[in-house]
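Residues per chain are reported as follows:
Protein chains: 2
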Amino acid sequence: MYGIIGNITTHPGRREEFIAILLKSTTKMPGCISYVIARDAADPDTVWVTEVWDSKESHDASLTLPEVREAITQARPLFASFGKQVITSPVGGYGLTPR
Amino acid sequence: MYGIIGNITTHPGRREEFIAILLKSTTKMPGCISYVIARDAADPDTVWVTEVWDSKESHDASLTLPEVREAITQARPLFASFGKQVITSPVGGYGLTPR
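Sequences listed follow chains A and Y, in order.
Heads up: the first sequence at position 15 corresponds to -2 in my numbering, and the numbers run straight through without jumps.
Heads up: the second sequence at position 4 corresponds to -13 in my numbering, and the numbers run straight through without jumps.
Derived by calculation from the structure, the hints in this document are not laboratory data.
Accuracy of the hints is not assured; some may be wrong.
No distinction is drawn between identical chains; accordingly, a pair holds when it is met within one copy or between any pair of copies.
Restricting the straight-line Cα-Cα distance to at most 20 Å, the calculated cross-link-like pairs of lysine to aspartate or glutamate (EDC-like) are [said to hold, decoys possible]:
{"hint": "1", "residue 1": "K7", "residue 2": "D26"}
{"hint": "2", "residue 1": "K11", "residue 2": "D26"}
{"hint": "3", "residue 1": "K39", "residue 2": "E50"}
{"hint": "4", "residue 1": "K39", "residue 2": "D26"}
{"hint": "5", "residue 1": "K67", "residue 2": "E53"}
{"hint": "6", "residue 1": "K67", "residue 2": "D28"}
{"hint": "7", "residue 1": "K67", "residue 2": "D26"}
{"hint": "8", "residue 1": "K7", "residue 2": "E40"}
{"hint": "9", "residue 1": "K67", "residue 2": "E50"}
{"hint": "10", "residue 1": "K39", "residue 2": "E(-1)"}
{"hint": "11", "residue 1": "K11", "residue 2": "D28"}
{"hint": "12", "residue 1": "K11", "residue 2": "D43"}
{"hint": "13", "residue 1": "K11", "residue 2": "E50"}
{"hint": "14", "residue 1": "K11", "residue 2": "E53"}
{"hint": "15", "residue 1": "K7", "residue 2": "E53"}
{"hint": "16", "residue 1": "K11", "residue 2": "E40"}
{"hint": "17", "residue 1": "K11", "residue 2": "D37"}
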């Protein structure tokens, strides 16, 4: 499995719009095993995304899906910055549901 | 929902033992919606745990479960340090499976 833990900070007050775009665009991604979108509890403009995929190839391929490409275009004006991304190798746990 | 993103670094070479304890002890936690255990791809002694709970109360209560208390006792000698923990408010995504 291939995992990514990352965060995105939006321009002030734009987090909910950004979350709505993410929620809509990430429902049908082949190879996705877990994809959790979360508000940072301390920073009002930061969103965390924690992802688990069956492989890096499935993750990379997801970026070419029409829904995802459209979401990136819609969301780009809302971005202020990306946090440091952590790459992981998930081993197990609960809530890992292969599509 | 209540979320935690955190990492633990074990003493050198002890990561797999630590992961085995975590995998065994986290299978039956009421209120747990997602619990992903992952190796850091860059640091050979670091483990990431990303958790989603129905409430902070369910998370806190999990720490008193016999399986979890026993795991904490077993795992303590393997710990070197904790990373900064991020508290989140998960909003949705894929793989969120209420128990």
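Hint by hint, here is what the structure shows:
no., hint, result
1, K7 - D26, "neither (23 Å within a copy, 34 Å between copies)"
2, K11 - D26, "neither (29 Å within a copy, 32 Å between copies)"
3, K39 - E50, "within (19 Å within a copy, 34 Å between copies)"
4, K39 - D26, "between (29 Å within a copy, 18 Å between copies)"
5, K67 - E53, "neither (24 Å within a copy, 34 Å between copies)"
6, K67 - D28, "both (16 Å within a copy, 19 Å between copies)"
7, K67 - D26, "both (16 Å within a copy, 15 Å between copies)"
8, K7 - E40, "neither (22 Å within a copy, 30 Å between copies)"
9, K67 - E50, "neither (25 Å within a copy, 34 Å between copies)"
10, K39 - E(-1), "neither (28 Å within a copy, 22 Å between copies)"
11, K11 - D28, "neither (26 Å within a copy, 34 Å between copies)"
12, K11 - D43, "within (14 Å within a copy, 33 Å between copies)"
13, K11 - E50, "within (9 Å within a copy, 36 Å between copies)"
14, K11 - E53, "within (14 Å within a copy, 39 Å between copies)"
15, K7 - E53, "within (11 Å within a copy, 41 Å between copies)"
16, K11 - E40, "within (16 Å within a copy, 32 Å between copies)"
17, K11 - D37, "within (14 Å within a copy, 24 Å between copies)"
Checked against the numbered hints given earlier, this structure breaks hints 1, 2, 5, 8, 9, 10, 11; the rest are met.
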